[in-house]
Every structure is written in C-alpha cells, then in structure tokens.
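Colleague: Chains as they are written, first to last, in the numbering used here: chain A, 1 to 540; chain B, 541 to 970; chain C, 971 to 1203.
Don't read these hints as lab results, they were simulated from the structure. Incorrect hints may have been included.
Unchecked claim - Dumping the calculated DSS-like pairs for lysine-lysine here, alpha-carbon to alpha-carbon at most 25 Å:
| # | chain 1 | residue 1 | chain 2 | residue 2 |
| --- | --- | --- | --- | --- |
| 1 | B | K571 | B | K696 |
| 2 | B | K571 | A | K67 |
| 3 | B | K696 | C | K1134 |
| 4 | A | K88 | A | K73 |
| 5 | A | K88 | A | K67 |
| 6 | B | K696 | C | K1034 |
| 7 | B | K594 | B | K796 |
| 8 | C | K1051 | A | K363 |
| 9 | B | K617 | A | K73 |
| 10 | B | K696 | A | K25 |
| 11 | B | K738 | A | K88 |
| 12 | B | K617 | B | K556 |
To be verified - Pair by pair, the computed Cβ-Cβ distance ranges are:
| # | chain 1 | residue 1 | chain 2 | residue 2 | range |
| --- | --- | --- | --- | --- | --- |
| 13 | C | S1054 | B | D821 | 51 to 59 Å |
| 14 | C | P1079 | A | R142 | 15 to 23 Å |
| 15 | A | R39 | B | D912 | 56 to 64 Å |
| 16 | A | E90 | B | P740 | 40 to 48 Å |
| 17 | C | P1079 | A | T421 | 27 to 35 Å |
| 18 | C | L1144 | A | P24 | 51 to 59 Å |
| 19 | C | L1144 | B | A604 | 29 to 37 Å |
| 20 | C | L1016 | B | G700 | 50 to 58 Å |
What the hints assert, rightly or not - A short list of chain A residues far from chain B (calculated; beta carbon distances all over 10 Å):
| # | residue |
| --- | --- |
| 21 | P70 |
| 22 | N103 |
| 23 | K118 |
| 24 | S133 |
| 25 | P136 |
| 26 | R138 |
| 27 | D144 |
| 28 | E179 |
| 29 | R183 |
| 30 | S184 |
| 31 | R290 |
| 32 | E309 |
| 33 | H435 |
Since this is a predicted model, take the numbers as computed values, not measurements. Every residue gets a Cβ at the ideal spot worked out from N, C-alpha and C, and that includes glycine.
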Amino acid sequence: MTAGDGQTRETVTLTVDGQVVTVPKGTTLLDAAGHLGTRVPHYCYHPGLTSPAMCRLCLVEIEGAPKLVPSCKTVAQDGQVVLTGSEKAETMRRGVLEFYLVNHPLDCPICDQSGECKLQDYVHAEGRPHGRSREPKRVFGRDDFGADVLFYGDRCVMCTRCVRFMNEVEQDPRLAVVERGSRSVIDTFFDEGLEGTAFSGNIVDICPVGALVSKDFLHKQRAWDLDHTPSICPNCSQGCNIELHTRDNLVQRLKPRANLDVNQYWMCDYGRGRYEWINRADRVDVPLVRSEGRSKAMGWGEALGALLEQLRDVTEKGTTVKAVASPFASNEDLSAFAALVTQLGGSEIVYRSPQADDEAVLKGFPRLVRRRDLAPNRTGAELLEMTRIGDDHGEGGLEGFARHDGVILVLGAPLADQDSTFGSDAALYVYVGAHPVSAMGSAHFVLPQTTFAEQEGTFVNHEGRVQRFWPALQAPGAARPAWLVLETLLGELTGGTAPARAEEAFQRLAERSPAFAGLSYRDLGTTGALVNEPARLVGD
Amino acid sequence: MAYPYVSDREVRIVSKFFGDPEARTLAGARKRGRYEALEKALAMDPDDVVQVVKSSGLRGRGGAGFPTGVKWSFMPKNRDSPHYLCCNADESEPGTFKDRELMRWDPHQLIEGCLIAAHAIRAEHAYIYCRGEFFEASAVLAEALEDAYEAGLVGKDILGTGVEIDVTVHIGAGAYICGEETGLMNSLEGRRGQPRVKPPFPAAAGVFGMPTTINNVETLCSVPSIITNGGEWYRQWGTEKSPGTKLFCVSGHVRKPGNYELPLSFPLMELIEDVCGGVRDGHELKAVIPGGSSVPILSAAECLECCLDYEGVAEAGSMLGCASVIVMDETADIVKQVRRMASFYAHESCGQCTPCREGSAWVTRILQRIEDGRGTEEDLDTLIEVTTQMTGTTICVLSDSVAAPVQSSIEKFRDEYLALIRRGERMGVA
Amino acid sequence: MTPPDRTGSATERVPFENPGWAGNTGEFDLTEDQVRGADFVGTRALEGGHPAASASHAYMLEEKDPAAPLFEGPYRERFEKILSRYPEKRPALLPVLNLAQELRGHLSPETMGAVAELLELDPAYVRGVATFYTMYNKRPVGRYLVQVCTNISCSLCGADDVLKAFLKHTGTELGETSGDGLFTTIEAECLAACGFATCAQINSRYFESLAAADVPAVIERLKREASVEGEDG
C-alpha cells in the first residue's frame, strides 16, 4: 500500500465476518472491523486513551483459537479469520451484558444518559430480554465530584475511561478506582474532587452510561429531543470542533466533535460552559432607523434604502470613516465589512479582543489549549488586516471614535465601555449587532445580525485553520447574517451582485484576500483547512 | 525430624529439614549441604543450568504446572536489559500451606534456589514477594538473607565468582490476586495488584517493563537438589510427564493434617488413609478437593482410583493445581463450603473484568440464599449457566475458578442442594 | 503422648496447653519460639538491618501512634533502605505504606497524602492502591486485631465456632472494637496454616490449631501481655 507521501506501509490482509480487508500493520481487530463498518460493542476502549481490555465486551472469535480475544487490543495478523458475530461471540456478549445489569439500577426514567446510553443500546441489540438476578443490588449513591461533574456510582460499569482520561490526557490524576472486586468504585482523593481541573468535563462525554453526568445539564433535556449541529466553539481561538445541541431554539449544551488535528475528541471546561450567551433573549431583531430624534422600526427594504442614500452622500463628501469590528464575527462578515469600509474610503478597521492572562494546556494532547485569546476569530480579523486596540478586557482604545464627526461603522462589537453618547456627533453612525447595547443609543441605523449559531460561516483559529460552522438556531425577527446585509449594500454601491449563500460569500473573501486564495467550502469540509502561509501569522 | 508429622512413605527432598531449627542458621544450613549447588551452578553457563532443570521435567509447583526449564528458556539470552526473577511467595490458595513452611524451616534452600534461578535467567535482582500475613515466615527468611549477604553468598561477587545477584524481600498487603503472576508484577511495581493482559508475556515485558520470570517457592526450592544430583535423578520419582516429588498439603477431616512430600502419582486414597491416618474416627469420606479451592471437587467414589499427578487428577475429573488436598467427611456441609469458597473469590476479585466482578458476587449471593433455605431449583440452573458465562472470558482465571467448586458440587452433590431447597435441611454441620 | 484430636467439634476437643501454636502433635518436642522462628530472628533492627530485608518487618503492632512522624530517626533510615531496592519510587509504595501503618496503626487520609508526597505519587493513586489491599486498616482498630480464618479448611474444623467465641468473649460485633480498646475481631481469608485449623492471625502472630474452647485462654494471654507492656511503658 503506498501512502500519499509515496512511502510504502506494511499491511496485513484478513477476513472479518466473511469479508476480506487489508489494513496497515498494527491495526487492532476492532479497528479492522470498523473499516468494514462493523461496530464491535465496547466500553473501556476509546481511541484517545490506552486500552486495558477489561470490559470484556469486545471479545471476538478467531477461527482456530481456543479462547475469544479482546478485539481492542489484539493486533490483526495475515490470514486471520475473525468472527465478530459468531454464536460463541454473541453468547459471550449476551453473558457479559447480563453481568453488567446485575447491579445496574433501573434508572432509565430518571437518568440523563437515556437515549444516548451504550448500555441501553447494547442490551437492546444483543442482551437477554430478562435478567435472572433476584438479589438486592449494591448501592453506592450519588457523589458530587466537584467542577461540573456528578457521579452516580450505582450506574458505573467500571470501564475506567474517566480515570484514564484524567491520568493520560488531562494528566491531573484526580480519579482512581478504590476498593476491590464488586466493592470497587470510582472516587477522588477524599474531598479533593475535581476542583481546579480544566478539562474534566470530557469525562462526562466519554462515560458510556449515566454514571458521570453534567451538573449543568442535569435533568434539563432528553437526549432524543435534541438536534445536533456541527459548529466551532466561539469561546477562544483554539477553534475546537463542537456540536450545538439545541431544542426549542435554544442551545442546551455543547459537546466536542472529533478533529484529530485541532482538539482530538475533547474540549475545555471553559468553552463548554459558555453557551448561555448564545441564548440571550434580548436581541436587536428589527432594523431601527433614527429620524427626528426617535428610533423607528423599519423593514429591510426601507431601512437599507435610506442607508444607501446616506452612504452615497458621505462617499461624495469624502467623509472620514472609522470602523470597529469584532473578533467574534465570521470571516464572511468581516470580509464584507472590510470591503464596504474600503468602498466608502475608509482604511483602518480596529477591533478589541479579550485575553486571559494564562492558557490551559491539555497535557496529553498539547495542541489543545484554552488560548489566551478568548474570541474565535481574532486570526480572521488579523488576516483581513484589521488592527487590535484596547486592553485585555477588550476595552479602551476608542478615544478617537466616541466624538468622531464623520462616519462610524460598527460590526458586532458590544462597546461595553462606551455609553449612549458614543457616536452622537457622527455624521452617519451605523451599528450592526445582535444584542442591544448602550453605545448604540445614538446610532442612525441599527441593523440586526445573526449570531454565529444562526448562520453558516467560518472562523480561523489560532494556527490559521479555517473551519466551517452551520446554523443551529433560527434567527429572531428580521435578523440576518451581517455578510448578507453588508454585501447587499456593497453590491448596490458598486453596481455588482451580492452573494446569496454563505458559500458564495466565502468565495468573495477568497478572491479578495491572498491568505484565503484558492479555498472553498468544499475544501474545508467538516474538519477545516489551513490558510495559505499560516507560518506568517501573528502569534497570540 | 518432621513437622508436624512423620510418615515413612515420604521422600523428603525440599522438606528434609522441616522441624529442624538448626537448618535456619547459616552454619546449620551449610552443614546440611546448602549452597553447594549454588557453587556448582555458578560455575556453569546459564543456558546449561536451564538445560539441567529442563531435563528434570520439574513443573511449576504453584498450581499451573508449567515446565520450569521451558519457562526459563523464554528469557532473552543476552543482558541487553535488566532481567528479574520474582519468587511467588504469595501463598493464598485455600488449602495451601507449603510455602510458608518452606520459608520458615529452610530459608537458605529458597535463597539458594533464587540465586541459581537468577543465574540461569541472567537476572541480577530477585524479588521474593511474600504475602503480607507471613510476618513470622518472612522475618525468618529476612534474617537468613542477612546472614547470607554477610557471608558473601548474595550480592556482589558471590563466592568470589564475580557474579552479582541481589535478593530483596518484598511484602504484600493482603490480596490473593497478587499470587497471579501478572497481578504479582503489578503489585511489585506499587500498583493495584490487577492482572495484566497477555501478550505481552512476562519474559518479554514484566516488572518495570523488563524480561521477568516468576516462579513459586516450592519450584525454586526444588532447584538446588536438581542441580546437585542432575535432572535424571529427579525423574526417578513420579511419572514421565509429572516427575519428581511434591509437597502435598492435607487439611480438613483427616487425623494427621500437614505437609507431606511424596513422589508424584502417589495414590490419593493411600495419602489419606496411610500417610494421614485416614478420615477421623467414626467418619466416612464424602468428598476431596485435590488441588486447592480452584479445582473441581471429587466425590469419594472418584477418589478411589485417583493418582496424584497432573495427568492422573485430570483423568479423575479435577486438577492437581497446587496439590492442596482438602478432605471432607460426611459431616461436611457441601453447600456451605461451596458458598464459602465463592465468597472468597468474590472478596478477592480485583474487579477489572465484569464477569468476575459481578459474577462472583452474584454467585455468592445465590448460594447464600440457598443456604438460608430460600433457594429454588431454578437457581441451580442459573448457577451453572452464570459460572459458565464466567469461564474463558476474563483476563485471568480467578473467574474460571469460581466455576470449579460450584459446577462440580451441583453435579455430584445435587442432593445436598435439593435438601436445602426443598426442605430447608442441611446435610452437614461443618 | 497421644496427639490430641484437633479436628473434632468444639465440644469434643480437649484444649491444648498454651494454645495458639502448632507444635503439639506429639511426634516431637519443639518450643513455641523454635516453631515460630522467634528465637532465630531475635529482635529486628528498627532501622531496617540489611536493605534486602528492610521491608519485611511486622507492621501490625500492638503500640500505635496515629501522630507518629513519617519518617524520623531509625524509621527514616529504614525508609531510605527500602527505597534503595527498587529502580523507581513507585514500587516502594506497599513497603512504605506498611511502614506508615507500623507506626500509626492505620492509614488515614492524611497518612495516605503524606506517603504520596514522600514518594512523589498522586494522592488519588495512593488511595486507589491502599484501598485495594485488605491488610491496610482504613480506620483505627483495637490493640489486637483478631483475624479468624473462616475459609474452607478451617471452616471444616470449626472456624465459625472459633469466630463466635472471639466475638462472645471480647463482647464485640464483627469489626467492632471492644470497650477497653483491646480487641477488634474480623474474618480473614486463608492464612496458609490449613493443616493447623483453625488459625487466627492476631496482629503479627499466627495462633494455630484453635478450637472454640481455646479462645478464652488466648484472650487471657493477650490481656496479660497488654498489661505487662503497659507496666513497662
């Protein structure tokens, strides 16, 4: 087998469930079966952790071998004939599943994991219809581990994924198996708990049952009611691939999505916990036009029409344009903004960006860091030649703006350190935003935009990876993606056409900016791609 | 001398100095020939030492019966990385008490055996892993070891040959599962004593990731005599596949329980009746467990033709294991004893593998319920099926060991179970 | 001398003189110290003696001091000797926990944390290891921890009666410490003294060939030892 780099890799060829498959040398039987689309049931194995082969659920039959072997650890050999669904293997699995249910409480009606539970799934598929145990079940009770984690000991299947995650990936060994035999249970060092850990939320994700649950999510929603939408975490510049789980047009929780280059299978607790702001109900949801000292709600057509008149006016007069953007805006939004500002004769676009005074490294996968940059698209802004001003709180630097008498354009920046007099002297002050802020009080035009969760778009992470996100929520009222509004204005001003879809907006961006040249949504797929010459990027 | 009883049927090789306190002292031991075999072995090439032990046919005396010489030959023949010898003195199998006696009566034999074995496998450090309960025995061993170090028999430049082998007495803290070779290695490394998945095998990656051999105390104690007298000499006793002598630990309802060293293939009934003075006065033999609690129970009828070697006991329907013969007369309450053995396994299960962790506790609870008179006949089928589900599916064989007493007792002593189930009647008192 | 029948029930048995050690078969004469090896071992050096033997000290003692420092003086020496026998610090964990229990009598959370620090291990890890092994006391026990083997060989020879006798004569429930702080009685698994049924391990000593009728004498013997030590100390 010749790999893309031209090197030959050694392979083995074996038969799994009657199908011949060729895999790289060193592949486990579990993964070899996976190549054929067969999912061998397992608990303790996880691709991001070492494999202790102790759950005994993944045992498969090898023709000619006396005992069943754990497929998560057994390496595929040439000529092996493997049966994952033979009578022996199925009988074994049914037996092992029965053992799991001996002490497992019938908590499904009150257990958060219900609907996304590996015990439910496997037992439903291959377990006995009735358990034979008549004995009282052992009870461990509920234990608050600290941080966001609650532990229901009775439900634990002792796969020890949580222990191994803390040991190997977070490398802060807070959890251990204590006691022995059927008295064994997961616990921390007495009251020490998980306080101070930065990634412990991941153990809730990898727990196959409802033993480890999120306190934030406790009894909040049923798993089967949630919609899953692929997205990018908006809380720092790492760009962890995530899913937004939504219901009733609200984000109910964030979960990591696998991306072996960016975040492997994990995300940090800081990012995971910050989604409430996406659900903010206080929204700018209709265009507001200020005339005769009063703000009037208007339809898009009327509002944009009035705005265009003003824009043509200031262009003619050559009025100075000052523009403020936001590192929380998508590349498409920022690119449209930059193009419009240029069209209006402006040159510099500034942005403010919050920064933490430290970073949190996931030691077992050090590419994943909760970055100092606490915004998802600072790199995008930099690539589009915007300039950072202000302090680490994301405040300050706007002294020249507040009383500016020319044009002020704001994209998405909350301007929290400014008051309602901001821009009160401006000839034309346009505020494009999602949430009402004091600083928009004097704006002539307030245009409602969607948040990243309500639009399709891309962010560029700290290392220059352009990654797509998809809309999970319906935008309120008349809110629209900023790129749509701004490209429409631009189109009207230049006599060109505006892109109708985000993909087209990205194409415009690629045409305008050398860093993005040649990229398209198709290239980005679901795991992203690096911009051109990422090494030239400004550091954090 | 003997301890605690003497039988003229015994062939005392490793147990020669039981009951002889002077044998513990270095002077006393040397007077009795200890360390002569060491001198001989150190003058031999390690592979030649392995050959002698291989030719003797000595099989591991800890229960598995794996040929010792063959096990030693798995070790790498170079010294690219440190090799280790572990002496398994974590004797915890119910019914077994031979290693304790070997350690406390003849510690120098064990030390000598460790040194010879370490030389044969090119190890420079031997750890003697004693179970934590062996305070007295390990203290005797430790004292003897100090004497041996002082006399230049252990450590650097042994007997002036330039060979360096260190021996350390390591103490456990109460876990039967640390008698399993990979559990022992984990415990030695300061971890929970949970068995490891094999492969990798200890000879490839054992303690501290280095090539390791684990041998039982009795196995290592057998080595010096084999070196002194040669492999062929050892074969004058026993059978072709099970040569040599074995310490049989007899306990339970016999008149003279104790350790008896006899040639392998000794008839079981002669052991009970002749050597041990028979079942207690006025009582009749009901059942015998020939090899420690992990092997199937034999009914009295099955004992009649049974010869005590690895093949002979297998033919009779059980296993020789560590040759711990537990004798039960008609006063024995089979259900209670099986429940007690099951609860032992449940208590000692390390908890890694689900079938063992959950199954051993479940089986114990069913047996307790039957013993309390609240069992059903369905429970017997459940017990058979559950213990079958526990067999062949786990990392180590503790899980399989639960099946042996449960299944064999239901098969051969079903009436005892039924008496409890149907009438709430126990058929024994002990 | 006819060997006393050691396998009868409690009511048939004739109690041994000086019960609790197994030399009385009538086939030969050995003193208790000779059988136990106590006269050979003598007193062991607190600082560990030869490093090869430094880990093998008794760690279930009568005298316990929950506030004993970890480790000072001769114990510190012994600790260093133990460490020297292993290529890394982790393998010394069990011997060092034994040493901590020898001094303090049981492993409290503080003790586990202190040992973790000494060996540069994580506290949760040390807790996981310490709780795996039966012989680590997680809470204080009486001066004498009586562990009666009730496994099959001893069970066939009256171990349940011996256990009940200990509980009765110390006035405790299983696992409970007597009011005078002297005795805690628990069940133990096979102690490898099956030929001398019933065996009870009391602190660091084996008391073998026990029948229920022997128990009061054993308890008296222990109480005598306790008061003698109390007078000296």
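Colleague: What hints, given by number in increasing order, does this structure fail?
Modeller: Hints 2, 3, 6, 7, 8, 9, 10, 12, 15, 16, 17, 20, 21, 22, 24, 25, 26, 28, 29 and 30 contradicted; others consistent.
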